[in-house]
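Assemble the complex: chain A is given as a structure, and chain B must be docked to it using the hints.
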Amino acid sequence: MYYPLAEVSCQYKNEKESVMRKLVSVVMLVAMMVVSLGSFVRTASAEDVKITGVITKIEIAADQKSAVAVLKVNDSGELVSIIITDDLTLDKFKDHRIVVGDEIRTKFEKNGDKNTSKFFKKTAGC
Amino acid sequence: MSGRIVAIMLGCALLATTVQAKEHPGKEQILKEGYHGPKTCEECHPGTAKEFLKTVHWKHASKVDNVDNLDPNKEYGMKNRIYTMCNGNDIVNNLKEVPPNALGKTKFVGCNTCHPGDHTIDVGSSGPEAEQSIDCLICHSSKYDYSKRKAVKDKSGRVIMTQDRSTEAAANIGRPGIKNCMICHEGAGGGALIKRGFSMAKNDEVHVTKGIICVDCHQVKNHKFPTGRDPNNWASDGIYMTCVGECHSDKPHKDADYNRHTAKIACQTCHIPRTGGAFSKDFTKWEKQDNGFYEPSTLKREVNQTTPVYAWYNLTVSNTPHFIGPKGSRTDGKSKIYPFKIFQGKAYFNKLDGQLMSMDFAPPIANGDSLAGVASAAKILGIKKYEAVPGWQTIYFASSHQVAPKGKALTCSNCHAINGVLKFEELGYNAREIEKLTNPDLYFEKVLKIQQENE
Chain A
1 MYYPLAEVSC QYKNEKESVM RKLVSVVMLV AMMVVSLGSF VRTASAEDVK
51 ITGVITKIEI AADQKSAVAV LKVNDSGELV SIIITDDLTL DKFKDHRIVV
101 GDEIRTKFEK NGDKNTSKFF KKTAGC
Chain B
1001 MSGRIVAIML GCALLATTVQ AKEHPGKEQI LKEGYHGPKT CEECHPGTAK
1051 EFLKTVHWKH ASKVDNVDNL DPNKEYGMKN RIYTMCNGND IVNNLKEVPP
1101 NALGKTKFVG CNTCHPGDHT IDVGSSGPEA EQSIDCLICH SSKYDYSKRK
1151 AVKDKSGRVI MTQDRSTEAA ANIGRPGIKN CMICHEGAGG GALIKRGFSM
1201 AKNDEVHVTK GIICVDCHQV KNHKFPTGRD PNNWASDGIY MTCVGECHSD
1251 KPHKDADYNR HTAKIACQTC HIPRTGGAFS KDFTKWEKQD NGFYEPSTLK
1301 REVNQTTPVY AWYNLTVSNT PHFIGPKGSR TDGKSKIYPF KIFQGKAYFN
1351 KLDGQLMSMD FAPPIANGDS LAGVASAAKI LGIKKYEAVP GWQTIYFASS
1401 HQVAPKGKAL TCSNCHAING VLKFEELGYN AREIEKLTNP DLYFEKVLKI
1451 QQENE
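Protein chains in written order, with our numbering: chain A, 1 to 126; chain B, 1001 to 1455.
Since the hints were derived computationally from the structure, they do not count as laboratory data.
Everything numeric in this text was worked out from a predicted model, so none of it was measured.
Ideal placement from N, C-alpha and C gives every residue a C-beta, glycine not left out.
Check each hint, because a few of them may be wrong.
[Unchecked claim] If you anchor each label on the Cβ, the simulated ranges turn out as follows:
# : chain 1 : residue 1 : chain 2 : residue 2 : range
1 : A       : Asp95     : B       : Arg1301   : 23 to 29 Å
2 : B       : Val1421   : A       : Asp95     : 34 to 40 Å
3 : B       : Glu1425   : A       : Glu59     : 55 to 61 Å
4 : A       : Asp95     : B       : Glu1387   : 46 to 52 Å
[What the hints assert, rightly or not] Which residues of chain B face chain A? A few of them, derived with a C-beta cut under 10 Å, are:
# : residue
5 : Lys1107
6 : Lys1143
7 : Ala1192
8 : Gln1289
9 : Gly1292
So here's chain A without its partners, still in its complex pose (with noise of 0.2 Å):
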């Protein structure tokens, strides 16, 4: 059969980019599976915790982005390390108005070792 080379070329171009358009699927589906299956073990491990307890150290990052508060838990004693990431409560650890001593509610993200805090304040009065 005769094709005219402007003909076959682009047949040629037709057929590259079908394979490339399959490829590019292919490889979009996966990731989004790859990300659909993070996501359902991030949610599967992930806990939220809520404790009260007594500030024993605080710790803020060189940055000034984090801190690191650990609490002593009311029931158990236990110590519980918390990451602190939002303005508000960073600020608070700045100019003192949270301190060690200080007794905190706090609801936190579990994820295995790392404890992210979602509500940190301390305990009301009225």
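Coordinates of chain B only, in the frame set by chain A:
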């Protein structure tokens, strides 16, 4: 080249002037001689301490001229008011140590914890001792160490409130910043952002986003603060403010239709579309916390989760034992439609006279016994005969902060669409008027244009 050098030099000079303007004069002297409380401030500001003792921030009360059923000759405020957001006040909940709870723990609590004195010289006191007890730096220092302000017992057993009177705090004074104000004002009502439920964070308040701070709007004169007319904020320094002033005119919009609305619609109505915080509390039912203390059960939302309720308000207030809220109507010629956060609180009423009773929080914090709190408050107030029965009180709080960015303000269809936020029938409009007010002809073209601009 020489032009660029001149520009740089001018820039540096301007920067230096700005930096210099921010630094309070007298810093060198404070660093050299230390800070000795208000008498140090008085060296440059004579008479200021005495002046401050006459303000609401010190007295926690004032005469009130716009609220029903009050004695015009008496002063009212958090010193002595009883309502269901704060079922106590400075008198019955004077800062004290609560009895030990079941775990043997105790703590200091009191409504006057925020009073800027040292507690030995308390709310509304006067004289030289009171003047020297003022905690000037808690409002004026950007380097105040809040861990130094705490309730403790002194050697004689009195509960006192300590202060940060360090040289470092005193060397960093100036106009109060947002944090200085919010230290007390965000903590009212039993926790962070509980009472009024507005946030002054950069992301939440458009004025703060633009670098405007509290005292830029509440322009203080001789320590007297202008305020709005919140139906539930009775005490004031006697000076009032609105949005209209040096920043906003009474015709602030480019659009004439919007400007026409300002005659009957308060600025806040469109520009503060959300509020938050506590919307209900039950002081008859205290919940045990895992630290062994009890707290009144409270329903609350985040700062942006509550849609306000809209009502006519002529800046006078209906005040009965079961209701505190705005008076006004569409026909009185004085009212505008304002946004409010409605709060409903349950507490004890005296069956013998129908009045709301107060509660000393110390007993219920320790053991959850709310009636013991009522008994203690009655004793403090000299009420000998009462019969405590639970009941609800509804309170309208003004929604006057947390102004939304322009793009999030209410537009025509937010109110004039059939499912709009304004309940026209409740606002006094008849069926024919409502049909007219909710006809899409009113807003269609304008909203379409806005929509097209944003797409």
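Checked hints:
1. For the pair A/Asp95 and B/Arg1301, the supplied restraint of 23 to 29 Å holds, since their beta-carbon distance comes to about 27 Å.
2. A hinted range of 34 to 40 Å for the beta carbons of B/Val1421 and A/Asp95 is consistent with their spacing of about 39 Å.
3. With their beta carbons about 59 Å apart, B/Glu1425 and A/Glu59 fall inside the hinted range of 55 to 61 Å.
4. Between A/Asp95 and B/Glu1387 the Cβ separation comes to about 48 Å, which falls inside the hinted range of 46 to 52 Å.
5. A cut of 10 Å between beta carbons decides the hint on B/Lys1107: the least distance to chain A is about 7 Å, and the hint holds.
6. Interface restraint check: B/Lys1143 against chain A, minimum CB-CB distance 8 Å, threshold 10 Å, status holds.
7. Restraint check, B/Ala1192 versus chain A: the minimum CB separation of about 6 Å is within 10 Å; hint holds.
8. Look at B/Gln1289: its Cβ gets to within about 7 Å of chain A, closer than 10 Å, so that hint holds up.
9. The criterion of a C-beta within 10 Å of any C-beta in chain A is met by B/Gly1292, whose closest approach is roughly 8 Å, and the hint holds.
The structure shown violates none of the earlier numbered hints.
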